[in-house]
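If you read the sequences in order, they're chains H and C.
Residues in the first sequence are numbered from 423 upward in steps of one, following our numbering.
Residues in the second sequence are numbered from 87 upward in steps of one, following our numbering.
What the hints contain is simulated information worked out from the structure, not anything from laboratory work.
Glycine included, each C-beta is placed from N, C-alpha and C at the ideal position.
Errors might be hidden in some of the hints.
Here are a few chain C residues that face chain H, going by a calculated C-beta distance under 7 Å [to be verified]:
#1 N141
#2 T144
#3 R146
#4 A168
#5 T171
#6 L172
#7 G188
#8 I216
#9 S218
#10 L221
Next come the chains, spelled out residue by residue.
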Amino acid sequence: MKPAPFTLHRPSDVAEAAQLLTRFADDEVRILAGGQSLVPMMAFRLARPGHLIDINGLGELAQITQSDGAIEIGALVRHNDIASAEIEGATGALLKKVMPNIAHHPIRARGTICGSLAHADPSSEWCLSAATLDAVLLARSATGKREIAARDWFTGAMSTSLQADELLTGVRLPVLPEGTRFGFQEFSRRKGDFAICAALVVFEIHYGVIEEARIGIGGAEDHPRRIAEGEAVLKGQRPSAELFARAGAAVAAALDPMEDHSTKAAYRRDLACDLVEGALQEAAR
Amino acid sequence: MSKIAVSFTLNGRKVEVEVEPRRTLADVIRDDCGLTGTHTGCEHGVCGACTIIVNGQTVRSCLMFGAQAEGAEIRTVESLSAGDTLHPLQEAFVQHHGLQCGFCTPGFLMLACGTLEANPQMDEEEMRDILSSNLCRCTGYENILKAVKDGAERMRGEP
Ligand SMILES: Cc1cc2nc3c(=O)[nH]c(=O)nc-3n(C[C@H](O)[C@H](O)[C@H](O)COP(=O)(O)OP(=O)(O)OC[C@H]3O[C@@H](n4cnc5c(N)ncnc54)[C@H](O)[C@@H]3O)c2cc1C
Ligand code: FES
Ligand code: FES
């Protein structure tokens, strides 16, 4: 359980970090953020990077900035930072609701939001939030900057469209208008475990009917995504228990869930149905 | 592998060590600094036996590299008692049978100590949530919860 040898780099700014990525691109170079996923993988020797670039000294990445209807969360903002951050609109309340479901307090003290997005675990709560809210991921290399829409970010379980010479500098989220409704529900066997399935729903109510509905599912497929079939059920309808049950069923039918030794696809589908229904009820309250 | 010189404060004392980058902070504290109160169980972030306080934050020391501790203020279980005088949390653990074999105890003590210092009025629900972070294979947790509840009162100076 000891990591293999590597060379540690401690850049003093983002530009230097990007240069280091280019320089060591052929030697399995990795960014070290919170280390809460990478260090376990190194301990198991599932990852054997030759070079680690520690970005923990880059204070410029530890900021949350808000302007023009968008919130930018820098690559060094840690899970627990969300608890005390002042974030505009319903987005702030949504992030605060989601955050405590991630791992445990000491892990949240180090782990970062962008580290979760880069790691791209299918069950990650932040990945689900990014997919549901159509976040934009901000990448930087030695040669330039690139913005990547969440729907183009995830390319499979623990795999993203980030290039080997790119670093994620932050993620941009929309400011949801005050009054936006949201609900989040996940199922895991023990407190702090990765979710077997999770649902995040967001909508607005105008003149009594649902608009701007978003339903995101995480943990069921190899990456989280919005489920248009479920959203279509809600559009323009009055909230009701019967409607929410129908939306849950539509989501379940649209999924192609993963299967593993302990969890059958049908079980994840049933969970998705119940979690969507529950999250919608929570949102409507 | 070349070593990196690191200096930090460990339980109030300045220490300087030279470590390989791949050495975890838990191993640096145990092997290079000789403080074996910090235990390592799983070495991949699941059990919490290695929990310590770094710059006021309660963290897993198996998931940090020693080289990342440059300039840090670190507290381990050895910092809790003053000579023979136990910390209020330690007294409460003794009184409520919050330990049996004691393997997990340093982690639970530092977890409780760090989070209670940050949030002295923590209610029982929050306590259960925080304590769910660490594993104990002996006590069944109820006595740990009782000990932390009582320890919290003692830390606040309540009888
Ligand atoms: C016991 C335990 C339980 C957990 N439970 C959960 C859970 O329920 N839900 C959940 O979502 N997570 C969970 N986690 C994982 C945790 O949330 C991690 O913090 C997160 O997955 C990774 O963030 P990090 O900052 O620690 O990244 P690191 O571990 O430092 O890095 C992870 C990966 O992302 C890459 N990376 C990180 N930052 C960047 C960047 N800025 N640019 C490019 N690449 C980057 C790294 O190179 C590495 O490949 C758990 C972890 C543990 C140990
Ligand atoms: S040894 Fe660090 S969490 Fe188990
Ligand atoms: S007292 Fe034995 S593991 Fe907790």
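Structure-based check of all given hints:
1. N141: Violated: closest Cβ of chain H sits about 10 Å from N141(C), beyond 7 Å.
2. T144: 5 Å, holds
3. R146: This hint holds: R146(C) lies near chain H, its Cβ roughly 5 Å from the closest one there, short of 7 Å.
4. A168: A168(C) check fails; min Cβ-Cβ to chain H is 25 Å, beyond 7 Å.
5. T171: This hint is violated: T171(C) lies away from chain H, its Cβ roughly 27 Å from the closest one there, beyond 7 Å.
6. L172: It is violated, given that the least Cβ distance between L172(C) and chain H is near 23 Å, above 7 Å.
7. G188: With Cβ-Cβ at 20 Å, over 7 Å, it is violated.
8. I216: Cβ of I216(C) sits 5 Å from chain H, so the hint holds.
9. S218: 4 Å, holds
10. L221: 10 Å, violated
Violated hints for the displayed structure, listed by number in ascending order: 1, 4, 5, 6, 7, 10.
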